[in-house]
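S.K.: Work out the full structure: start from the sequences and follow the hints.
2 protein chains.
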Amino acid sequence: MKNVLIIGCGLLGSSLVRRISKKKIAKKIFIYEKSKLNISKIKKLKLPGKIVNSLEDAVINSDLIIFCTPMSEYKNLIIKINKFISSNTIITDIGSSKNESSKIIKKFLKKGIHWIQSHPITGSEVSGPEYGKENMFKDKWCILIKEKKTNLKNLKFLNSFWKKVGSKTVIMNVEKHDKIFSITSHLPHLVAYNLVKSAQDFEKKQKYDLIKYSAGGLRDFSRIAASNEIMWRDIFFDNKINVSKAIDMFIKNLNSFKKDINSKNSMSILKKLIQTKKVRSRIIKLKQDTNKPDFGRN
Amino acid sequence: MKNVLIIGCGLLGSSLVRRISKKKIAKKIFIYEKSKLNISKIKKLKLPGKIVNSLEDAVINSDLIIFCTPMSEYKNLIIKINKFISSNTIITDIGSSKNESSKIIKKFLKKGIHWIQSHPITGSEVSGPEYGKENMFKDKWCILIKEKKTNLKNLKFLNSFWKKVGSKTVIMNVEKHDKIFSITSHLPHLVAYNLVKSAQDFEKKQKYDLIKYSAGGLRDFSRIAASNEIMWRDIFFDNKINVSKAIDMFIKNLNSFKKDINSKNSMSILKKLIQTKKVRSRIIKLKQDTNKPDFGRN
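Residue numbers (numbering that gives the first Met the number 0), protein chains in the order written: chain R, 0 to 297; chain A, 0 to 297.
Source of the hints: derived by calculation from the structure; they are not laboratory data.
Since copy identity is lost for identical chains, a pair holds within one copy or between any two.
Quick list of in silico lysine-lysine cross-link-like pairs, DSSO-like style, CA-CA up to 27 Å: (1) K27 / K82; (2) K276 / K139; (3) K35 / K277; (4) K276 / K204; (5) K291 / K167; (6) K211 / K155.
M.R.: As structure tokens, this is what we get:
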């Protein structure tokens, strides 16, 4: 590959820049970033990419374009790049949900242009290029979206790109992807936001100083609930049908727990608590998390 | 203090044994443990306490007795120690909820005996004496329960004990304690169990391999949902009125999020997501969690 264009250079965009440069995956890295604050950070960090003010040259001269912006910016960016893009350039993105974003791409992208969606399963609660790191994608899953019309040669190229970046890849369609991540990612984030919101409401109402005692469990949720709000609004909206179904299932199960608690049904609640315990060891066996107690925090 | 008796030598009991011995807080440490597996572990670990098979001698010869068992065992143990206990010995416990346990103590403990409840805000998802550690309580809050009849001299003694153990102490009544921890600890645990349960249900129904992709958020919940099931059943049952109210508030807020998502109400959802973000920095400022992104895991 000759050149790559990273559009949006925050946490993940800047991590890609670092990794692509380190592993010499592309000759030149162009960076397009609209936030002035991020641009000044990128300069200060001396990230190994060329910041471009206009998209034209970078789009024309890149083999691969990676959208690393919030999904709500795709449409405007697509309209901009349509003027310069040719079918020699492959586009991908790293959005966490694919339902609506895939429709926007189909609707607005110039005909004949290849966009294959990606979703690397990585990230953090912090945002901005200063938190990016070269090994952000290492040994992490990256989902590649295959649709009926996906060009297999391009898919192979993109697959090989993510492997060079350090990811393990797997291919899915939009429907399966969005169902799986509504449960493993979108619902957990919503639930964390909601728990912290509930704690704040309670604190206001009762005038108790709750946060002081957050080490009992709340602090874990607060980390997830500190994630980027624009990114997560976009994800919840993009995948709203699956997220909505996930909420309903979650509430149904929570009401069942409530019934067990109110009736002190020991058998029923123990069955649930023992069952859920098994997931942790599966996760650790699959190397999806550290095996140290308490995440090795203390 | 001359001697201390630890009843139940799992994660927290064994941590107390380690710390009391290290800091020479007591002359002798008696350990009463009913699990044969734990006893063999304690012997193998060479924990600095004397394992006793019967409670009589240890109860008679101790200045302080600390219950470190699940709360559902208090009643039977109280009935046993009533035979030997005198008003010279102070009793405490480390249970995470106080409503029903305080009633059981009042109902079954021999009159004239002093039991002041404690709740050190610490722990882990793992159980057993092999995971205990000397600094388990260091710089952690320990709540001391003061009721109308609490003997102030004894409260002072217990306060000084927990400080020697390394904790920061604060005094509350049962009602305030149970309300606060229904939100900062009991609800987060229930929600984590419920999220993992929902993921398991979904996995079964859809026949998707979800756990593989748990790094998107689910893995954090799986840690909490791996906590000891007996301990948590006891807590949910002990504090069922507050937990039940907390569930209702949580569901109400979750339905409000669902409404925002289904109607794509950007203003309303962003307001919530921005608001919740603030809690993380408060928690870090209060040193209730590590300030490293992603708990410093990767």
